[in-house]
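The numbering of the sequence shown is my numbering, which starts it at 11 and goes up by one.
Errors might be hidden in some of the hints.
BS3-like cross-link-like pairs, simulated, lysine-lysine; straight-line CA separation at most 25 Å [claimed, not checked]:
id, residue 1, residue 2
1, Lys25, Lys75
2, Lys75, Lys35
3, Lys57, Lys25
4, Lys25, Lys35
5, Lys57, Lys72
6, Lys75, Lys113
What the hints contain is simulated information worked out from the structure, not anything from laboratory work.
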Amino acid sequence: FRSSIITDLISEIGKTIKSIKPTVKLNYWAASWIHSIYQNGQNWASKHHYDPSQSFPEWASKTYKNTGFADQLDVFMLGSYLYDVYGLDNNESIEYAIDRAYKLIGDDCTIYGTIYGENNKENMEDAVYVCLTQSAGLMVFDIVQVINYNLWEDIKRGIDRAEAFNKVD
11 FRSSIITDLI SEIGKTIKSI KPTVKLNYWA ASWIHSIYQN GQNWASKHHY DPSQSFPEWA
71 SKTYKNTGFA DQLDVFMLGS YLYDVYGLDN NESIEYAIDR AYKLIGDDCT IYGTIYGENN
131 KENMEDAVYV CLTQSAGLMV FDIVQVINYN LWEDIKRGID RAEAFNKVD
């Protein structure tokens, strides 16, 4: 029930935005651990590309997939607030979270990786690099942590690496 209410709300917000100013993009942030937040009604996956009842029949009904709202968004900001950066087989890594988001969303909307400064103060450069090379963009949360831990140079190095990679690719 909750997920249908959230989906309807997202749809109405999107329609309202487009009716007022069609060029404004609807962005949505949510935690990457989608299978732990279903009880909050946040089904940010695609109803076209993913059916959670296949993997999680204990909580996902056959119709739950219809509450996926990725196709209502322009941009999904994936809260990959994880300590590990690398590992497509490590479900606690940023790389895994981004890969899973693409599998669950498909091409319904643009995906930006978002990272948490506190979690990545020791590997910020790599975290930035992975987000920029494996998703369409980056958000670093929280600016206070960037300032307090002086992460500016690490962020810049990650951006520079990603730009160099994208030029070659």
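Evaluated hints:
Restraint check for Lys25 and Lys75: satisfied, since their Cα atoms lie roughly 21 Å apart, inside the 25 Å limit. Pair hint Lys75 plus Lys35 holds up; C-alpha atoms about 24 Å apart against a cutoff of 25 Å. As the CA atoms of Lys57 and Lys25 are separated by approximately 18 Å, the hinted pair is consistent with the 25 Å bound. Our distance criterion of 25 Å between C-alpha atoms is met by Lys25 and Lys35, whose separation comes to about 11 Å.
This hinted pair checks out: Lys57 and Lys72 have alpha carbons roughly 11 Å apart, not beyond 25 Å. Distance restraint check for Lys75 and Lys113: the Cα-Cα separation of roughly 14 Å lies within the 25 Å cut-off, and the hinted pair is therefore satisfied.
Going through the hint list in order, the structure satisfies each hint without exception.
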